[in-house]
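Q: Taken in order, these protein sequences are the chains called A and B.
15 is the number that full-length UniProt numbering gives to position 15 of the first sequence; each next residue is one higher, with no gaps.
152 is the number that full-length UniProt numbering gives to position 152 of the second sequence; each next residue is one higher, with no gaps.
Simulated from the structure, these hints should not be mistaken for lab results.
In this text, all values refer to a predicted model and were calculated from it rather than measured experimentally.
Hints are supplied without guarantee of correctness; some may be wrong.
As the list claims (entries may be wrong) - The calculated label-pair distances, taken between Cβ atoms and stated as ranges, are: (1) Ile84/A with Tyr97/B: 48 to 54 Å; (2) Ser50/B with Lys103/A: 49 to 55 Å; (3) Asp66/A with Tyr97/B: 48 to 54 Å; (4) Leu92/B with Ala174/A: 35 to 41 Å.
Said to hold, decoys possible - With a straight-line Cα cutoff of 25 Å, these simulated PhoX-like cross-link-like pairs (lysine-lysine) come out: (5) Lys102/A with Lys163/A; (6) Lys218/B with Lys129/A; (7) Lys274/A with Lys53/B; (8) Lys243/B with Lys103/B; (9) Lys165/B with Lys101/B; (10) Lys101/A with Lys73/A; (11) Lys101/B with Lys72/B; (12) Lys103/A with Lys243/A; (13) Lys129/A with Lys53/B; (14) Lys165/A with Lys129/B; (15) Lys163/A with Lys218/A; (16) Lys165/B with Lys274/A; (17) Lys101/B with Lys53/A; (18) Lys163/B with Lys129/A; (19) Lys53/B with Lys163/B; (20) Lys218/B with Lys103/B; (21) Lys93/B with Lys243/B; (22) Lys129/B with Lys93/A; (23) Lys46/B with Lys274/A; (24) Lys129/B with Lys163/A; (25) Lys274/A with Lys163/B; (26) Lys129/A with Lys93/B; (27) Lys101/A with Lys163/A; (28) Lys274/B with Lys163/A; (29) Lys53/A with Lys274/B; (30) Lys274/B with Lys165/A; (31) Lys274/B with Lys46/A; (32) Lys73/A with Lys102/A.
Note that the Cβ used here is the ideal one computed from N, Cα and C, for glycine as well.
There are 2 protein chains.
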Amino acid sequence: MGTTRLLNVHVQKYSTHAPSGSDKKHDTDTKAVSSYWGVTPPSLTKVDGSAWKWNCFRPWEAYEADTTIDVKKHHNPVTWNDKIAFGVVQALKYPTYLYFKKKHIHHAVLLETVAAVPGMVGGMLLHAKSLRRFEQSGGWIKALLEEAENERTHLMTFIDVYKSKWHERALVFAVQGVFFNAYFLAYLASPKLAHRITGYLEEEAVNSYTEFLNDLEKGVMEDIPAPAIAIDYWCLPQNSTLKDAIRVIRADEAHHRDLNHYASDIQCQGHELKEYPAPIGYH
Amino acid sequence: MGTTRLLNVHVQKYSTHAPSGSDKKHDTDTKAVSSYWGVTPPSLTKVDGSAWKWNCFRPWEAYEADTTIDVKKHHNPVTWNDKIAFGVVQALKYPTYLYFKKKHIHHAVLLETVAAVPGMVGGMLLHAKSLRRFEQSGGWIKALLEEAENERTHLMTFIDVYKSKWHERALVFAVQGVFFNAYFLAYLASPKLAHRITGYLEEEAVNSYTEFLNDLEKGVMEDIPAPAIAIDYWCLPQNSTLKDAIRVIRADEAHHRDLNHYASDIQCQGHELKEYPAPIGYH
Numbered sequence: 001m002g003t004t005r006l007l008n009v010h011v012q013k014y015s016t017h018a019p020s021g022s023d024k025k026h027d028t029d030t031k032a033v034s035s036y037w038g039v040t041p042p043s044l045t046k047v048d049g050s051a052w053k054w055n056c057f058r059p060w061e062a063y064e065a066d067t068t069i070d071v072k073k074h075h076n077p078v079t080w081n082d083k084i085a086f087g088v089v090q091a092l093k094y095p096t097y098l099y100f101k102k103k104h105i106h107h108a109v110l111l112e113t114v115a116a117v118p119g120m121v122g123g124m125l126l127h128a129k130s131l132r133r134f135e136q137s138g139g140w141i142k143a144l145l146e147e148a149e150n151e152r153t154h155l156m157t158f159i160d161v162y163k164s165k166w167h168e169r170a171l172v173f174a175v176q177g178v179f180f181n182a183y184f185l186a187y188l189a190s191p192k193l194a195h196r197i198t199g200y201l202e203e204e205a206v207n208s209y210t211e212f213l214n215d216l217e218k219g220v221m222e223d224i225p226a227p228a229i230a231i232d233y234w235c236l237p238q239n240s241t242l243k244d245a246i247r248v249i250r251a252d253e254a255h256h257r258d259l260n261h262y263a264s265d266i267q268c269q270g271h272e273l274k275e276y277p278a279p280i281g282y283h
Numbered sequence: 001m002g003t004t005r006l007l008n009v010h011v012q013k014y015s016t017h018a019p020s021g022s023d024k025k026h027d028t029d030t031k032a033v034s035s036y037w038g039v040t041p042p043s044l045t046k047v048d049g050s051a052w053k054w055n056c057f058r059p060w061e062a063y064e065a066d067t068t069i070d071v072k073k074h075h076n077p078v079t080w081n082d083k084i085a086f087g088v089v090q091a092l093k094y095p096t097y098l099y100f101k102k103k104h105i106h107h108a109v110l111l112e113t114v115a116a117v118p119g120m121v122g123g124m125l126l127h128a129k130s131l132r133r134f135e136q137s138g139g140w141i142k143a144l145l146e147e148a149e150n151e152r153t154h155l156m157t158f159i160d161v162y163k164s165k166w167h168e169r170a171l172v173f174a175v176q177g178v179f180f181n182a183y184f185l186a187y188l189a190s191p192k193l194a195h196r197i198t199g200y201l202e203e204e205a206v207n208s209y210t211e212f213l214n215d216l217e218k219g220v221m222e223d224i225p226a227p228a229i230a231i232d233y234w235c236l237p238q239n240s241t242l243k244d245a246i247r248v249i250r251a252d253e254a255h256h257r258d259l260n261h262y263a264s265d266i267q268c269q270g271h272e273l274k275e276y277p278a279p280i281g282y283h
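Looking at chain A on its own, in the form it has when it is part of the complex (with noise of 0.2 Å):
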């Protein structure tokens, strides 16, 4: 559980400097763009005066992740509603350990690609609804959002790691036709599903990143250095290994299982997510 941390950075007006990366022609255009619009993105400082180089997450968002947490929580499937979901992600998760077997980084990939659509349908189905109905969401917008940008984050830091084969890019394509569609539907349906399912999909991923660390404790993988984002989003020390970086995305997986059975939990006690305010900032 992770309280958010005010990091001490310097917000300073927007500069008019150009963006990193870009050249010489690129420039002219974006300031000629950017001056007539008065749109400059924000310059960011770390603590210690360097330039701050993600545009992906400021450094207040950046947080040291709770790792306390019980690898084991499991929702027991009582009800119909919750074994459809049980079952759903049961049917999903053997296929997905026969392809990738031990290859634990490009396993870890399509199930960040998988594990980001949730929230985002989530989010932006709570959003339509806010605005159709008059009405507050109690935070659930937000905190959906949260564990979709959270999410993204982690595919963000094994990219950084991951080689593609055009294959498993043309998998991770059709698993989002497939699941973002599906997911749309079975929340618009019934969020209480919805919020099983991935309450339940990430149990697994807990179970993934698990085997994963085992692994690289093991020595079965090779461990090497953390991703430089992985550094800047957690906070952790700049002689990170992929080890800790995998330690702090299983305990962010943790805490979406939990906020999306208590969401499920909720409602499946009559409840509308409303009235109870949403954990925000909570992986």
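Position chain B relative to chain A; hints supplied.
A: For chain B alone, coordinates are given in the frame of chain A:
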């Protein structure tokens, strides 16, 4: 242009207190569910020590709007892309003015239920693209989702001082059904067209808030105290009125106008959004 303010708030360790407004039975349910999953919302306090009452945004997301905007800024439609976008918005604008006439708050409510859609749709599609292509979005996912959240907070401000009629709720329902899907398809087909449409939509939002302000200033409409959510979201003085809230809301719309025209310009020049760091926190 708002610099993000880091307020001096106390983010306590997640406490176990039950959500406010719950009855005794509800309390027991909450505790039973949350204690099993260990999920409880954060307990936040304002700088003065009083409890933070909003779940839809956190104290450090409040900001002081930069109201030094050019309310007349306009993108001259030159290309076919521009002309189609301009035509779409003009076609939507006239019936809206005919329907609402001088009922500014009713008009504003409909406007906000529409204006909160593009950011969510764009953010979602860029998120899916980022996952599918294993690439960073350059911060545009976050920037667009922030726009959607900002527009939703405008709506939450108005519903505090607004009593909707059944035919207005029916209208919002119908408009959302059509606009959400139409904008989704437009963004899939041509993001530069979609961002241009939003740019023009925001130009009209600025115009309609200017008329609203004029009528408040002329005394055609009675000014009333600003809703509590507006005071906390835009860090307004306690004695602020609706006029002050409209002024900051108009500034937000002007910033969204600039951001969306900028996003369209980038793509009209043959670049991808991800090449240009997004102006996160820009409203």
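Q: Go through the numbered hints given earlier and state which of them the structure violates, listing their numbers in rising order.
A: Violated hints (numbers, rising): 6 and 17; every other hint is consistent with the structure.
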